[in-house]
Amino acid sequence: MTAVQAALSGALIGGLYALMAAGLSVTWGALRVINLAHFGLILVGAYLTYQLTTAWGIDPVLTLLVSAPVLFVAGAALQWAYDRLNIVEFNSLLVSFGLLMITIELTTQVWTADFRHIDAGENPYGTSAVHLGSIALPISRLVALGFAVLLIGGGHLVLERTFAGRGLRAFAQDRTVAASFGIDHRRLGMVVGGLAGVSAAVAGMVFALGNTIAPAHAYEWFGTVFAVVILGGIGNLLGSLFAGLGVGAFSAVVAVLWDPSYEPFVLFLAIILALVLRPKGLFTRRAAA
Amino acid sequence: MLEVRGVDARYGDAQALWGVDLEVAPAETVCIVGPNGAGKTTLVQTIAGLHRAAAGTITVDGVDIAALPGHRVCDHGVATVPEGRRVFGHMTVRDNLLLGAYRPKARAAHRETEAQVYDLFPRLKERARQHAGSLSGGEQQMLALGRALMALPRLLLLDEPSLGLAPVIVDEVFDAIAAVTATGVGVLLVEQDVERALSAASRGYLLIEGRIAAAGPTADLRDRADVRERVLGM
Chain B
1 MTAVQAALSG
11 ALIGGLYALM
21 AAGLSVTWGA
31 LRVINLAHFG
41 LILVGAYLTY
51 QLTTAWGIDP
61 VLTLLVSAPV
71 LFVAGAALQW
81 AYDRLNIVEF
91 NSLLVSFGLL
101 MITIELTTQV
111 WTADFRHIDA
121 GENPYGTSAV
131 HLGSIALPIS
141 RLVALGFAVL
151 LIGGGHLVLE
161 RTFAGRGLRA
171 FAQDRTVAAS
181 FGIDHRRLGM
191 VVGGLAGVSA
201 AVAGMVFALG
211 NTIAPAHAYE
221 WFGTVFAVVI
231 LGGIGNLLGS
241 LFAGLGVGAF
251 SAVVAVLWDP
261 SYEPFVLFLA
271 IILALVLRPK
281 GLFTRRAAA
Chain L
1 MLEVRGVDAR
11 YGDAQALWGV
21 DLEVAPAETV
31 CIVGPNGAGK
41 TTLVQTIAGL
51 HRAAAGTITV
61 DGVDIAALPG
71 HRVCDHGVAT
81 VPEGRRVFGH
91 MTVRDNLLLG
101 AYRPKARAAH
111 RETEAQVYDL
121 FPRLKERARQ
131 HAGSLSGGEQ
141 QMLALGRALM
151 ALPRLLLLDE
161 PSLGLAPVIV
171 DEVFDAIAAV
181 TATGVGVLLV
191 EQDVERALSA
201 ASRGYLLIEG
211 RIAAAGPTAD
221 LRDRADVRER
231 VLGM
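Top to bottom, those sequences are chains B and L. Residues in the first sequence are numbered consecutively from 1, following the UniProt record's numbering. Residues in the second sequence are numbered consecutively from 1, following the UniProt record's numbering.
Chain B extracted, bound-state conformation:
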């Protein structure tokens, strides 16, 4: 029973990983920018939720009304800058890592390095749980999963069914030909960067619901979220959702059945194995190139 409880609550944490991974995956796959500053945006999103909830006493979910537009603009501006300065792939790794450190430093200046958390009185999602028999599912994590399914499912439908989504997929494969059919990579890139920013706002909000916030968290997200992006297949939104849930459940089960200290070791061993067997991610269809 503990294993089932662990797998379920782990999968729910995985919803948070998936939210964090989705934005990173799309900008990497479609725009070829490995945007580590995305973790900084998530951090800012979490602090905005904390700050607005604490200052105004509003529902944490409603803080998205402020944080989502703010991070849309930040994400779009970032992409604009990457594009103007011609920063792609491995350059972007370095530049965006620098930006991430600057963001972490700035959040430390504003909110200090202390752990912050939304006061229980202002957080209706913080402490309650849904009980299925003997299994407890924390509300904050159910909210995380709900947002992950909503955002990633919606994003997937947009990519598959709309002209803009097709344009983005085409652009990811062949920029020159896509341009010859009228796809303006600057504009599309900024919109995608902005939407990645919105996903960071949601991820940050959801993180703040169930966790204490400190600037150093941004570094801790790195390993797991990268693993989720790569396992899901770079640029594959649904893949990042499934990979997020899988990684969450797997780590939690290892931690419960074996030892929490083995969790990173076993997780990354499993990821390496998975990538040896499926180099393009677990959820990539095997289509001819």
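These are calculated hints, taken from the structure and not from any lab test. Even for Gly, the Cβ is constructed at its ideal location relative to N, Cα and C. Careful, some of the hints might be misleading.
Looking from chain L toward chain B, a few residues come up when the C-beta cut is under 7 Å (computed) [said to hold, decoys possible]:
#: 1; residue: L68
#: 2; residue: G70
#: 3; residue: H71
#: 4; residue: T80
#: 5; residue: M91
#: 6; residue: L98
#: 7; residue: Y102
#: 8; residue: R103
Following the hints, complete the assembly by docking chain L onto the known chain B.
Okay, now just chain L, sitting in the frame of chain B:
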């Protein structure tokens, strides 16, 4: 409809095109022939706006498109079938076609155009839900042509449509090109199979080392000594 006047193109210090003049009228197929490295693909890419002209004007129905960024050129009725087809292999056949109708005008008409493309290439309809990467070379060429038609072009730029295809398939592709021309679209054709190019087109240009060396009806071009020597290898 298409008028190219005094166009130069460069790659850094190297000049690839020197004062190229050419025109294409509606419902006309015009070919460009020339030896490898003559600048044929550069010329197509320059007209398509994917390579910036260093000098000269490129007008479509009187509008100069030479200075427009690549993604704006298709708004003036220019669509390209690139060398090597370059279909989007990870997307379905249907998504490839719909991508061709990305711009608002084409998008508004995409249902009718899609039906017309399927009439022209019934095989694409059969394979609409397949990934483009799983198609044969000939089918990919049809898809690349269909994708360009989805953009509702008035001028179609075709770069090496027969490359790597079996002769039977090439016949099919050229039949389709003739059908497209018959609807009033102007076609500019670059083709390494010179005999085929000369028989498909009514007029042609001989491009040698980035310069137009000869121009005229294809019947005349075929008899010229320089064409026979430089591109037909006789």
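Legend entry - Enumerated hints in conflict with the structure, sorted upward: Hint check: 1 fails alone, others pass.
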